[in-house]
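These protein sequences, in sequence, are chains X and L. With the numbering used here as the guide, the letters of the first sequence map in order to residues 1 to 93. With the numbering used here as the guide, the letters of the second sequence map in order to residues 1001 to 1143.
Bear in mind the hints are in silico, worked out from the structure with no lab data behind them. Here the structure is a predicted model, which means the values were calculated and not measured. Where a beta carbon is used, it is the ideal one built from N, C-alpha and C, also for glycine. A couple of the hints might just be wrong.
Stated by the list, open to error - Distance ranges between label pairs, derived from CB positions:
1) X:K41 x L:R1021: 20 to 30 Å
2) L:F1067 x X:H58: 22 to 32 Å
3) L:N1120 x X:H58: 17 to 27 Å
Single-letter residue listing:
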Amino acid sequence: MTQGDTDLITGTDQMLDVPWEVILWNDPVSLISLVVRVLRKVFSYDLAKAERMTMQVHNEGKSVVWSGDKEQAAAYCVALHGYALTATIQRAQ
Amino acid sequence: MSEPFRRVPEGIKVDLPDSLRQWLASIANETSEGAVTMSSPAHRRLLGPIDPSQDHDDPVTELQRQFAVEGSLGVLIATANATLLSDDEAEEWIRALQLMLAATAASMAIVDEEDLRNLNEENTEIVTTLQAGISLMMEALDA
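Next up, chain L with everything else stripped away, as it sits in the complex (with noise of 0.2 Å):
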């Protein structure tokens, strides 16, 4: 297989398996639309106050905040198909991947690397997967 982000004049070019693809794009549904419900502890945390003494943010910071998840889940989804991303593009594939992972790793509980070593195989691949994609995006996005 060769490398599934690279750098290209225009941009970056994503060479992934469409089964790959449909996959990123459910979990980055998922994700998106327990940010909005606050459905889970995952995304408690994701959106939890940024200063830990008050119950809530001020409403400009939570939609600020919700806007931010929101967008660069939507572009991952809008774009999950795409062959040559932008930049900008690129950037919110990666804060996406990170929003995934983060809400992936709190729906399996992981709290520390003891759990994270204890996973079983089918998460452990989850996790490692979405990291790889981090690291594979950052590389070509840097290059």
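Next up, chain X with everything else stripped away, as it sits in the complex (with noise of 0.2 Å):
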């Protein structure tokens, strides 16, 4: 194994390491009251902590509303599509 493999293999080990993130994006005709209460019935938030979320979407444009694997933040943003609220994922920064 060279050099350069090991870095490959710990860059890639690095890589999986890094959760991704369900970013909830801002629009303008989704209801405050709906886009809380969609929150706390796809991750079970509680009311204070949706609405925190929701207000940061509101005022920031955006707002990381969960990080963990891939696939369960694939999962959760078919959720929140199923809502048509304006959702994607992406690996945290």
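Reconstruct the complex from the two isolated chains, following the hints.
Okay, structure coming up:
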């Protein structure tokens, strides 16, 4: 194994450790009450946490609403899309 | 007019004028057809890839999303004339109304709050009617 191979494998391992995030984006027509309700329903968040994230989406344009493994992030993102909310996934920055 | 959606022991009682039921069903049909053909920017936005770094989702994810969209809209279309909805059907109405709202907003090129404020009267009424339906159904379902 060359030094380059070691670097490559180490780099891959580090990438595997990086969590994926579910980003919820603001949109001008979805009701705040709907977004709070969906966050509570999809992620089982308590009211205060769901409201805090919703207001962050509303005021700052987006919020990281969950982070963890890619498969679960994708499943949550699909669940949010089921309510026509704009959500994407990305590797944590 | 009495409450359009009301919690009763059997589920959610629906009291809507026939004209409004037909209007909702027609928008649901349009949204559903557009979702299948991805014929408009509205539907491409609704069903765009969940990972923006990719051109497409994996096929399983695409199918899950397509089924979810068609399922919710299908329930609303099938129960548009119902006077009583189960809780599950009422939840699908909320999803369907949201999908219809998002597709309608995208077709009206509503990108931000300013676009919303600048809508003409007719389009404002469409958006506010769908929003009111979502709000009232949530109130009834969560009562």
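Okay, the hints, checked on the actual structure:
1. X:K41 x L:R1021: 20 to 30 Å: For L:R1021 against X:K41, whose Cβ atoms are near 26 Å apart, the range 20 to 30 Å holds.
2. L:F1067 x X:H58: 22 to 32 Å: 30 Å, holds
3. L:N1120 x X:H58: 17 to 27 Å: About 25 Å separates the Cβ atoms of L:N1120 and X:H58, which means 17 to 27 Å holds.
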